[in-house]
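With chain S's structure known, arrange chain E on it following the hints.
The listed protein sequences correspond, in order, to chains S and E. Residue numbers for the first sequence follow my numbering, beginning at 1 and rising by one. Residue numbers for the second sequence follow my numbering, beginning at 343 and rising by one.
The set of hints was computed from the structure by calculation and includes no laboratory data. One thing to keep in mind: the hints can contain errors.
Unchecked claim - Some chain S residues near chain E, calculated using beta-carbon distances under 10 Å:
| id | residue |
| --- | --- |
| 1 | M88 |
| 2 | R102 |
| 3 | A103 |
| 4 | Y112 |
| 5 | K315 |
| 6 | P319 |
Said to hold, decoys possible - Here are a few chain S residues that sit away from chain E, every Cβ distance over 10 Å (derived from the structure):
| id | residue |
| --- | --- |
| 7 | R40 |
| 8 | N50 |
| 9 | N147 |
| 10 | V164 |
| 11 | K171 |
| 12 | K194 |
| 13 | G260 |
| 14 | R281 |
| 15 | E309 |
Just so you know, even glycine gets a beta-carbon here, dropped at the ideal spot from N, CA and C.
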Amino acid sequence: MSEQQLIKRYTESIDKIAKEIERDITIMEVCGGHTNVIMRYGIREILPKNVSLISGPGCPVCVSSQHDVDSMIELAMKGVPIATYGDMLKVPGSRYSLDDARAKGGKVFEIYSTTEVIELKKRYGNIIFFGVGFETTAPMTTFLLKNNVCVYSVHKLIPPALQVLVNGDIKIDGFLDPGHVSAIIGVKAYRNIKVPQVVSGFSAERILRAIMILLEQIKKGKDIVVNGYPEVVTEDGNLKAQRELREYFYIGDSEWRGLGILARSGLEVKDDKLNAKIKYRDIIDKVPLPKKSACRCGEILRGLIEPLECPLYRKVCTPENPQGACMVSAEGSCAIYYRYGR
Amino acid sequence: MKDFITLSEGSGGKEMKELIKSFKFSFRGDWNNFDNDSATVDIGNNQLLVFTTDSFIVDPVFFPGGDIGHLAFCGTVNDLAVMGAIPLGLSLGLVIEEGFSKSELRKILDSINRISTKTQIPIVTGDTKVMEKGKLDKIAINTSGVGIINKNELLDKEINIGDKIIISGGLGEHAVALLSKRFDYETSIITDSKPLVEEIQAIKNQIKIAKDITRGGLASNLNEICEKNKIGMLLNEEKIPAKNEVRKVVEMLGINLYELACEGRFVCVVSVENAPRVEGKLKEFNNYASTIGEIIKDDKVIIQTILGKRILPDPTGRIVPRIC
Chain S
1 MSEQQLIKRY
11 TESIDKIAKE
21 IERDITIMEV
31 CGGHTNVIMR
41 YGIREILPKN
51 VSLISGPGCP
61 VCVSSQHDVD
71 SMIELAMKGV
81 PIATYGDMLK
91 VPGSRYSLDD
101 ARAKGGKVFE
111 IYSTTEVIEL
121 KKRYGNIIFF
131 GVGFETTAPM
141 TTFLLKNNVC
151 VYSVHKLIPP
161 ALQVLVNGDI
171 KIDGFLDPGH
181 VSAIIGVKAY
191 RNIKVPQVVS
201 GFSAERILRA
211 IMILLEQIKK
221 GKDIVVNGYP
231 EVVTEDGNLK
241 AQRELREYFY
251 IGDSEWRGLG
261 ILARSGLEVK
271 DDKLNAKIKY
281 RDIIDKVPLP
291 KKSACRCGEI
301 LRGLIEPLEC
311 PLYRKVCTPE
321 NPQGACMVSA
331 EGSCAIYYRY
341 GR
Chain E
343 MKDFITLSEG
353 SGGKEMKELI
363 KSFKFSFRGD
373 WNNFDNDSAT
383 VDIGNNQLLV
393 FTTDSFIVDP
403 VFFPGGDIGH
413 LAFCGTVNDL
423 AVMGAIPLGL
433 SLGLVIEEGF
443 SKSELRKILD
453 SINRISTKTQ
463 IPIVTGDTKV
473 MEKGKLDKIA
483 INTSGVGIIN
493 KNELLDKEIN
503 IGDKIIISGG
513 LGEHAVALLS
523 KRFDYETSII
533 TDSKPLVEEI
543 QAIKNQIKIA
553 KDITRGGLAS
563 NLNEICEKNK
573 IGMLLNEEKI
583 PAKNEVRKVV
593 EMLGINLYEL
603 ACEGRFVCVV
613 SVENAPRVEG
623 KLKEFNNYAS
633 TIGEIIKDDK
643 VIIQTILGKR
653 ILPDPTGRIV
663 PRIC
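In isolation and in its complexed conformation, chain S is listed as follows:
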């Protein structure tokens, strides 16, 4: 069957099952990559009225805390060179972004591959890598730690965040689990989270298929994890990468923009000598904590409220001056609402 025919078949099944379920269904796509494809093909628009997709905390740069960004800016402005991925540079701290810090004379380098950091280290011996991303990019950071590059890690783990979203008040009926993250951690990592889940690939056809399987589960009242991306994802994941992560990182609490500090949800550098948070503790400890914001990202991410119910939305919080993760990401719920003029 061609991709077009498959898409047609899945959309028809989705319509049929949604009608049979009758009530409103909310599905969260956890991964920013999925959100991107959903946006690109306008998938939200073609789903039945009682099925809505909301974007989860799966854009790693967007969930980096303001305080972590502020700390990096402070170091860059004090002359310590900072290297990180391009999309991290535009994420605002409490006042500025790393892009702004560079404009103001801070030493900030945009890299695409961690091998570039090794080159930079030859010129700037004290360079810090601002390590951001989920289980997918963290193994690349271990390569730098092996090469004695100092790292400020804000690497985060997906399953603890899902667990938090599931505990407490929640209006999420199922998760589209990330594809690339799952390639590393394996399907087994989600087995303890009792919500219908499907690990999905990244084509429109794969995503529609995953939504169809989720709806079938919801209809039957099952909460199992289905691997909808078997060409890349296995039950156990990439054991070598998992070993490397355990060797160079330990699991610690981590602050997520919009969700607060989540227990055991981040990766911290084991070696104190290469851990920028310890090495530069004197400077970082003096960086003031951002003022408590009225941002209600946490509730939006949980599917409890709509962006319009947040007091900051459109007034203080805009795509040019974003406050929370949902506006920082062009694909976050608030940014989407804003773009559609709501």
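What follows is chain E alone, placed relative to chain S:
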């Protein structure tokens, strides 16, 4: 707005447009068309003089299929061309970093000389400055140009609901060629940098407006046309042309095809009746020329994908690859 300049304000998207809007010049003399690619002044005989300027910085200075000199020549020529004008002559301002290789400078000037001879558009005046090592990255070039046009041929005609939108060739080739050095991949794609005078002259009597696609890409152009003319657009995504290799690279890097710069492509708005003829003519120059959509009563650029619809917003920020 921040009290210092950021790279986003030079990226051709929303921030740059806002910065330029904040520039206020109170004396305008007899000139018109300040918000167009070139300004115009009436010189009698039913003719307009058309004037524009553009500055060029590019890293690397040499890239697959072109160099900064070629870009600097074509960029200004194209800003005149999209008004419908015949370029008369260009100025060339060079700011060079101390220590820059003379053989590379010669290569850049040779490249300008070749394209100037080929198009019969002369460089008529210029200026050269040298800056201390480290105060500038290699070389910056400014070109200004004047052209001439009959008043009634100025491509600034009224757009109507139902008019068609046509682009003159595949998107993203310049960006993919340029980025191959930055991201270290091999590609057979070369820059699309070229003068557009011939193409536009061939269709100028059948089109209403034209815009060359540069920084900010197609997304920036189309949003600008919508805002200025208080209209919307509905595009058919399957009709938006790009070479397969370009699509693959864009996908791999996680960047948006519609925000990538071209240096030899334009988009034009055409009446329904003229659309097939214009598309046919443009296909003689580039087989990827395509009618991509139409003008609708709205205020946004909307794309019909193979599934649902989505909005194509004016780009913001700089183009950076996504990690998620």
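Hints versus structure:
Hint status for M88/S relative to chain E: holds, with the closest Cβ pair at about 8 Å, below 10 Å. Annotation: R102/S was flagged as interfacial toward chain E, and the flag holds, the nearest CB pair being 8 Å apart, inside 10 Å. Hint status for A103/S: holds, given a least beta-carbon distance of 5 Å to chain E, under 10 Å. Nearest Cβ of chain E to the Cβ of Y112/S: about 6 Å, under the 10 Å cut. The hint holds.
A hinted interface residue such as K315/S counts as satisfied when its beta carbon comes closer than 10 Å to some beta carbon of chain E; here the least separation is about 17 Å, so the hint is violated. Given hint, P319/S at the interface with chain E, holds; its Cβ is 6 Å from that chain's nearest Cβ, closer than 10 Å. Consistency note on R40/S: stated as away from chain E, yet its beta-carbon is not over 10 Å from all of that chain's, at 7 Å minimum. At roughly 17 Å, the least C-beta separation between N50/S and chain E is larger than 10 Å, which holds for a residue marked as non-interface.
Listed as a non-interface residue, N147/S keeps its Cβ farther than 10 Å from every Cβ of chain E; the least gap is roughly 19 Å. No Cβ of chain E approaches the Cβ of V164/S within 10 Å, the least distance being about 19 Å, so the stated non-interface status holds. At roughly 23 Å from the closest C-beta of chain E, the C-beta of K171/S stays outside 10 Å, upholding its exclusion from the interface. With a minimum CB-CB distance of about 26 Å to chain E, K194/S clears the 10 Å threshold, and the non-interface call stands.
Here G260/S stays apart from chain E, with its beta-carbon at least about 21 Å from theirs, past the 10 Å limit. For R281/S, the shortest C-beta to C-beta distance to chain E comes to about 27 Å, beyond the 10 Å cut-off, and the non-interface label holds. The Cβ of E309/S sits about 23 Å from the closest Cβ of chain E, beyond the 10 Å cut-off, so the non-interface label holds.
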